[in-house]
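Protein chains: 2
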Amino acid sequence: MAQLRPVFYISDGTGITAETIGHSLLTQFTDTQFIGERISFVDSVERAREAANRIRTAAEIHSARPIVINSCMDADVSETLAESGALMLDVFAPFIEPLERELDESRQRHVGRAHAIVDFDTYHRRINAMNYALAHDDGAAIDYSDADVILVAVSRAGKTPTCVYLALHYGVRAANYPLTEEDLEQDRLPPRLRQYRDKLFGLTIDPVRLQQIRQERRPNSRYAQLETCRREVTQAEALFRAERIPTQSTTHTSIEEIASKVLSTLGIRREMF
Amino acid sequence: MAQLRPVFYISDGTGITAETIGHSLLTQFTDTQFIGERISFVDSVERAREAANRIRTAAEIHSARPIVINSCMDADVSETLAESGALMLDVFAPFIEPLERELDESRQRHVGRAHAIVDFDTYHRRINAMNYALAHDDGAAIDYSDADVILVAVSRAGKTPTCVYLALHYGVRAANYPLTEEDLEQDRLPPRLRQYRDKLFGLTIDPVRLQQIRQERRPNSRYAQLETCRREVTQAEALFRAERIPTQSTTHTSIEEIASKVLSTLGIRREMF
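So the sequences go chain by chain: H and P. In terms of full-length UniProt numbering, the first sequence has 223 at position 223, counting the first letter as 1, and numbering is strictly consecutive. In terms of full-length UniProt numbering, the second sequence has 86 at position 86, counting the first letter as 1, and numbering is strictly consecutive.
Hints in this document: simulated from the structure, not taken from any laboratory. Ideal placement from N, C-alpha and C gives every residue a C-beta, glycine not left out. It is possible that some hints are incorrect.
As the list claims (entries may be wrong) - Chain H is faced by these chain P residues, among others (derived, beta-carbon under 8 Å):
id: 1; residue: Glu19
id: 2; residue: Thr20
id: 3; residue: Leu25
id: 4; residue: Thr32
id: 5; residue: Gln33
id: 6; residue: Phe41
id: 7; residue: Ser44
id: 8; residue: Arg47
id: 9; residue: Phe92
id: 10; residue: Pro94
id: 11; residue: Pro98
id: 12; residue: His110
id: 13; residue: Ile117
id: 14; residue: Pro161
id: 15; residue: Val164
Claimed, not checked - Some chain P residues near chain H, calculated using beta-carbon distances under 7 Å:
id: 16; residue: Ile21
id: 17; residue: Leu103
id: 18; residue: Ala114
id: 19; residue: Ala116
id: 20; residue: Thr234
id: 21; residue: Thr247
id: 22; residue: Ser249
id: 23; residue: Thr251
id: 24; residue: Ser254
If we strip away everything but chain H, and leave its shape as in the complex, we get:
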């Protein structure tokens, strides 16, 4: 039986860095079952004491030493957390000294800086990309000329979440073209897309999975029939092949993975938010 182990992601900011690296580390240990809790904005010794109390309580409840994934900058805060008796993993500590030596520069201990607004222009680009994705969702757009990428797929294959993710995390203007039955009966790209060939990326999906998703949306419709899903997916895949559009199946692929594939395939270079 898997042992239960409490894990705390503790940060003086949002906790996103601590939780991201913590999840990545813990997925490498499969015999243990982890119960995670995030404590964000721990920016004073007072709050660190409260957090340490929660850690101690979890240790008692689960009769197991908790693990703390810590990204707090302040040494007193980290020390107070350590008094809880948990295994402390400081996500920055091992890298600071090599970086200071390499850069010949001391680090600045700015609390909560990693996921704060850095500059307004960049932030503005992000919000605009987001608005763009929402406004150009599911073929509502007439003009694709501003798009960085146009995701092409049959209905419910995963276009919208990918577009929104690309906008939110990379500031990429991602539009979205749903292949209609009429489009699929042609062997060629819909005319509106032809001039944007190098921005196109096709998504495909297992027809059985597509059927499940559509069934939830419009139960017992023709749209949700397995036969319809099979035909549409086959036609879409044939079209992508014929037009040499790069594709990715979304069936066993997370939004993060699809977004990464789109960026690396189309050679779009953007820093991540």
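Go by the hints and put chain P onto chain H.
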């Protein structure tokens, strides 16, 4: 003058973990200017060699030793990357040994696991939350009973990006209520919101910033006038105070920070995607 320093985020998966911790680390060094590049899906020695070549080229172009933030699991891949001569920072290495000792378990080197789909139910909850946020955007919803949280604010104060972020990263069903002029003329909560008091979170914003955002959307409208923005924000803030709704200003706050505040204030506990 700031020195230019090339940084590579290299991963056998999406690169999100490497880039997240890398950004957090580098924001602590303010005298150096970093030029970041992501190389994802480096899952073979062959690809590692290509990456090492790109690193060497960058070293020549910038006459500076590159920094590699590496999250690849395979030892041969990491060794090949190291042959580039860059400063190698392995984001997992320092934590594996203490975790193995604490958990009495060896880690599994699953390539690209961190941001892959872990289980379908969880993933499904995420996509549904996303669809929920989009369907319940800007008051389109009539029924808020399914919501985990309802963000309340005047138009363009930051509700939509926050809702989408909460859905994408925490699987939280976040709805969105835009305060209309009619709502604002009352001193009380709009009737539709009264029964959901404990799900409400108010967003506010500096009127000058709001004016800029609205001006971009509908230039020279009454909606975008500074006077309109001032009046609406003042009325909204008064309403939040009177009804004791927790609030956060979005003016200098990133989407990540707002989302974290919402979760910690309302006590919503969800693991992050």
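Results of checking the hints against the structure:
no.: 1; hint: Glu19; result: holds (5 Å)
no.: 2; hint: Thr20; result: holds (4 Å)
no.: 3; hint: Leu25; result: holds (5 Å)
no.: 4; hint: Thr32; result: holds (5 Å)
no.: 5; hint: Gln33; result: violated (11 Å)
no.: 6; hint: Phe41; result: holds (7 Å)
no.: 7; hint: Ser44; result: violated (15 Å)
no.: 8; hint: Arg47; result: violated (11 Å)
no.: 9; hint: Phe92; result: holds (6 Å)
no.: 10; hint: Pro94; result: holds (4 Å)
no.: 11; hint: Pro98; result: holds (7 Å)
no.: 12; hint: His110; result: holds (7 Å)
no.: 13; hint: Ile117; result: holds (5 Å)
no.: 14; hint: Pro161; result: holds (5 Å)
no.: 15; hint: Val164; result: holds (6 Å)
no.: 16; hint: Ile21; result: holds (5 Å)
no.: 17; hint: Leu103; result: holds (5 Å)
no.: 18; hint: Ala114; result: holds (4 Å)
no.: 19; hint: Ala116; result: holds (6 Å)
no.: 20; hint: Thr234; result: violated (24 Å)
no.: 21; hint: Thr247; result: violated (15 Å)
no.: 22; hint: Ser249; result: violated (12 Å)
no.: 23; hint: Thr251; result: violated (9 Å)
no.: 24; hint: Ser254; result: holds (5 Å)
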